[in-house]
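Participant: Between the sequences and the hints, there should be enough to build the whole structure, so can you do that?
Protein chains: 4
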Amino acid sequence: MALTVPLHGVIPPVCTPLDPHGEVDTASLTRLVSHLLDAGVHGLFALGSSGETAYLTNHQRATVLETVVTAAGGRVPVLAGVIDTTTARVLEHARTAIALGADALVATAPFYTRTHPREIAAHFRHLRTATGHPLIAYDIPVSVPSRLSPALVRELAEEGTLIGLKDSSGDDGTLRRLLVALGGRSARRTGPAPDFAVLTGSELTADAALLAGADGVVPGLGNVDPAGYVRLYGAARAGDWPRAAAEQERLVALFDLTDTGPESEMGRSSSALGGFKAALELLGVIDHRATALPQLPLGEKSLAEVGRRLSEAGLRPTG
Amino acid sequence: MALTVPLHGVIPPVCTPLDPHGEVDTASLTRLVSHLLDAGVHGLFALGSSGETAYLTNHQRATVLETVVTAAGGRVPVLAGVIDTTTARVLEHARTAIALGADALVATAPFYTRTHPREIAAHFRHLRTATGHPLIAYDIPVSVPSRLSPALVRELAEEGTLIGLKDSSGDDGTLRRLLVALGGRSARRTGPAPDFAVLTGSELTADAALLAGADGVVPGLGNVDPAGYVRLYGAARAGDWPRAAAEQERLVALFDLTDTGPESEMGRSSSALGGFKAALELLGVIDHRATALPQLPLGEKSLAEVGRRLSEAGLRPTG
Amino acid sequence: MALTVPLHGVIPPVCTPLDPHGEVDTASLTRLVSHLLDAGVHGLFALGSSGETAYLTNHQRATVLETVVTAAGGRVPVLAGVIDTTTARVLEHARTAIALGADALVATAPFYTRTHPREIAAHFRHLRTATGHPLIAYDIPVSVPSRLSPALVRELAEEGTLIGLKDSSGDDGTLRRLLVALGGRSARRTGPAPDFAVLTGSELTADAALLAGADGVVPGLGNVDPAGYVRLYGAARAGDWPRAAAEQERLVALFDLTDTGPESEMGRSSSALGGFKAALELLGVIDHRATALPQLPLGEKSLAEVGRRLSEAGLRPTG
Amino acid sequence: MALTVPLHGVIPPVCTPLDPHGEVDTASLTRLVSHLLDAGVHGLFALGSSGETAYLTNHQRATVLETVVTAAGGRVPVLAGVIDTTTARVLEHARTAIALGADALVATAPFYTRTHPREIAAHFRHLRTATGHPLIAYDIPVSVPSRLSPALVRELAEEGTLIGLKDSSGDDGTLRRLLVALGGRSARRTGPAPDFAVLTGSELTADAALLAGADGVVPGLGNVDPAGYVRLYGAARAGDWPRAAAEQERLVALFDLTDTGPESEMGRSSSALGGFKAALELLGVIDHRATALPQLPLGEKSLAEVGRRLSEAGLRPTG
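Protein chains in written order, with the UniProt record's numbering: chain A, 1 to 319; chain B, 1 to 319; chain C, 1 to 319; chain D, 1 to 319.
FYI, nobody ran anything at the bench for these hints, they're computed from the structure. Predicted model only: the values in this text are computed from it and were never measured. No residue lacks a Cβ here, since even glycine has one placed at the ideal position from N, Cα and C. Be aware that one or more of the hints could be misleading.
Said to hold, decoys possible - Ranges between beta-carbon positions, derived for each pair:
1. D:Ser264 / C:Ala130: 53 to 63 Å
2. A:Glu23 / B:Arg118: 37 to 47 Å
3. C:Pro194 / D:Arg308: 20 to 30 Å
4. A:Pro262 / D:Arg308: 21 to 31 Å
5. B:Arg118 / D:Ser311: 24 to 34 Å
6. C:His59 / B:Ala187: 53 to 63 Å
7. D:Glu265 / B:Arg189: 31 to 41 Å
8. A:Asp287 / C:Asp195: 41 to 51 Å
9. C:Gly132 / D:Ser311: 49 to 59 Å
10. D:Glu158 / B:Asp195: 54 to 64 Å
11. D:Ala99 / C:Arg189: 36 to 46 Å
12. C:His288 / B:Arg118: 55 to 65 Å
What the hints assert, rightly or not - Only some residues are given here: those of chain B computed to face chain D with a beta carbon under 8 Å:
13. Ala122
14. His126
15. Thr129
16. Ser270
Facilitator: Below you can see the structure in the form of structure tokens.
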């Protein structure tokens, strides 16, 4: 599909269901995309951090993107993560993603290496020039320590290198400074980068980001409760902030399902990804809650807790 | 004054004007308190980070608190920072602050040392027991790396150790989890800690924090434009979120006055504190913009930029 | 070649010469390997951080390894870095490396993701089991924040998962604790993991690491002055510590050639990698000093400084 | 006593024994000083991090310093920590320390605040000018994130602001660069700062630091086994590096007594300080192993482990 800019709305970072052998479960993935589209999401972000992209081989990544593009069927834009350490490697993912039908590319700053802001700018410019494809920067300091400053993002937005930012920094104050620099709530479309989209990955403060003028939200938790985020977004668009905030509060409580893995046994991201997938299995959307190697699986106690959170949030029958 | 709980409203962390010899300029400080009270603030936080407390001797700290308490004259509660590395040292500041009339104490977790959450809990419990005075925890990871988790804060709130949290983490997602754990927007007063106040120090997302259910805001920038934050708070209380957000945007733009110090020459906090004080001097509130040793002063170019920001924000005549 | 354990000696992390188009310059790489072998190094580490592995496509990585293995001609063991984010991706690199003739694999803990020590152990065990090939762990916190604790390394060494550690942590105290836990200077070969090799990547304290009982050194600067590190190693093996230290001091001074890139313009790793390559070009070992995208090149002033450092270290005629 | 420069030898950071009420136990402290002097240490560092200075009130700090100066009786120089957040506060401690007879002052960069290198330089210069007393810089990034670069230290050393550095960074590579910049092993006394002393706080790599040309060592573990460090230093001075390394290995094994506190219950520094004090109590040097609030005490299991470590190191009868 031709991409309409600026991007907006609820664009979940689609989880990648795996079978017990660690291979991509395309049937479950197709059902997950339907689950999201049926809820009314406005786009799909395949191969993001919640999609366990860092755990997938290139072949698996291609399978995922192909499946999502096919399942989306042109109804919403598909953004594709092109996550790798530096320019040349990212560029290879980008070419594959374009060939497979991605509407836009989502790239981080280089990681593993230590990179200067001027080099980060060169990285994005090279990606844009070499592909000619719509490009979104991804700021996720928990994975990529090199931050993208508001000044850098604005420069790349104004010159047309970027069509958007996916901000997973959790640093809403800095995000606010960027939004104001781009014109603020009311003047964004006549500001220095009128087609530039600011998307927040902070699923816990989506209402706040929308109040601040963000265009959309990319919530990992949106895999589990896409309808909740669509309602939140709708309330925000209608200017009903108390309703948006109430919906956000329900989702914040639901987010506790990412915390059930015992800290003494597994990483924080294994617990969160495991929680999303356990919830999707319990909801009947995917067949297996398996996460990729070397993540450890959630235990029975954690699973029961995930179930309780779903019930408390009204997503499945209690008891 | 008898402290009414929960605390609420705009409670600026009062700057500490200095004379050219580095001594506390009590006349300027008294004028600054009037500037804040005239704007309608709901409380004063003396000896916080914006008050350069870490730069003041014990004698200077006492002078500051005495001056602020006197100038406040019981019209609003005065919170006093008791910033030091560990329990015994904090306790000495606490006793002085109580003697000088502080209505509540604001303490961080220990710093310089590495402290376990269980030890942080012991720290706050000892401070509360030993003083019997209302106690507020201060989460400011840029200065004190040991974070205060929502679980820890809730526990200390429920048991009555703390009457509030001043959150300067910039981590609005974690703050939201705490607010929801305490009952959320609508059920805070019937929740597990009904008299507990959540105050945000994030001057760039005060509207968001209030939408999320925070009770008040402690904005360093509120020294410069207290009326702006009072309007923002009023709009939020009235449920007029677009107006609150518009006021916030103006304040975000004004916040650029903290950025004028050249990165190659001075620290980020020197630039921010220097910016606040330069603005207060330009507005005629204080006599000298001097900051404490070893902070370097802002240069002429920076000063001119601070002036421009004030004009753009409507706080002084253009040009 | 059949790998003789424990590994030992000087094993430089081979730089990857590029042509002006960013492709691997195999002729220069072959000359670089000769330069190293002629100096008497005891092994080669292809595709490490100094080899710009994070910047190379899979195809380029294969070209590099093939070239190094061919040039080495079985005279010394060739270690191959298999640097990628997680298990499945690392495993693909491992299979290629084995097919191309690598004698041992060098893998980090997962990165981009946040991984628990138990998951890191699972990662190395899976790599070992799936390949059956000798495996070396690579601790490089500047790139991979998840540290490898002495307890974890010892466990993986004792059980036979690892044949070595490449320690680029710069944390010589923790390294010393590992060495002592493995038996110390005198009892390593009768300790809990007699065939396990401890290799330091700290090119500035190689003498100290050898005094502490390390088996070898993997110095990036060894590309430029392999003979210096071979002399240092020889002096240490002969127990002539003052001579080892004197050689180390000369190399510490030479290391200043990594610092010539202006901080305001380029990243620290670009400056270091650019410095190594500029020196190799000036010494006539490689044809081009080009570094991979998006690294910025060193300017003329930096080049002159690199030349001065080479002269001061006695590696080229003065003036 | 008149301070002889450069400082050198073993200069333990003296622990501060407390009684069960948390007050300074001067009798135990006096015995501890004798324990150190009897072992042949070359100086004493009172009020350092191992002395729990961050936990002591100003009154307690004065008691400590007075006791140490008296007990030292002019036989070795007494260095005094003047640990506080910024210049004015440090200066007050400095004046007290000079009045109480400290031979030199040991100060960190500012903390709690974020400080630019130029401001850190101003801090040390002001302290030096205002006191006229010998000043040593203390680099301890675990407590004070602002690092002291080799370039900054060299500048302050050459101009006479500093007479020494206490390096507790654990970053031996950077320390080596400083040592080489100051002239290296052989030319330090004719280098740019001939009277400047480099003291390492890394008790696990003291042999390496001495091989690199450091003048002395400030080991926390030296409270427990001062004779061991004196032997290590003596072997190093005699050029017997294998003996120095063997002694170091025994001390590295002994250092495990800092690790007995369970991570789930107490901070790393509580475990280390508690371990030192438990060992001193078991050795009969001090009366109580109490640590200051809010540190939690070691449990019985930890105590037994400390005892085992002492026995294994030959410091007390087995069993």
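Participant: Would you mind marking each hint as holding or not holding in the structure?
Facilitator: Verification of the supplied hints:
At about 34 Å, the beta-carbon gap between Ser264 of chain D and Ala130 of chain C misses the expected band of 53 to 63 Å. The hint said 37 to 47 Å for the Cβ distance between Glu23 of chain A and Arg118 of chain B, and at roughly 44 Å that hint holds. Taken as a hint, the range 20 to 30 Å holds for the pair Pro194 of chain C and Arg308 of chain D, whose Cβ atoms sit roughly 25 Å apart. The given range of 21 to 31 Å is respected by Pro262 of chain A and Arg308 of chain D, whose C-beta atoms sit roughly 30 Å from each other.
The beta-carbon spacing between Arg118 of chain B and Ser311 of chain D, approximately 30 Å, falls within the hinted interval of 24 to 34 Å. Separation of His59 of chain C from Ala187 of chain B is about 59 Å and conforms to the stated range, judged on CB atoms against 53 to 63 Å. For the hinted restraint 31 to 41 Å between Glu265 of chain D and Arg189 of chain B, the CB-CB distance of approximately 35 Å keeps it satisfied. At about 44 Å, the CB distance of Asp287 of chain A to Asp195 of chain C agrees with the hint of 41 to 51 Å.
Distance hint for Gly132 of chain C and Ser311 of chain D: a CB-CB separation of about 43 Å, inconsistent with the stated range 49 to 59 Å. One distance hint, 54 to 64 Å for the beta-carbon pair Glu158 of chain D and Asp195 of chain B, holds here, with the actual separation near 59 Å. Taken as a hint, the range 36 to 46 Å is violated for the pair Ala99 of chain D and Arg189 of chain C, whose Cβ atoms sit roughly 57 Å apart. Taking the beta carbon of each, His288 of chain C and Arg118 of chain B are about 58 Å apart, inside 55 to 65 Å as hinted.
Annotation: interface hint on Ala122 of chain B holds; nearest CB of chain D at approximately 4 Å, less than 8 Å. This hint holds: His126 of chain B has a C-beta 6 Å from the nearest C-beta of chain D, less than the 8 Å allowed. A least Cβ separation of about 11 Å between Thr129 of chain B and chain D goes past the 8 Å threshold, and the interface hint is therefore violated. At a threshold of 8 Å, the smallest CB-CB gap from Ser270 of chain B to chain D is about 7 Å, leaving the interface hint in force.
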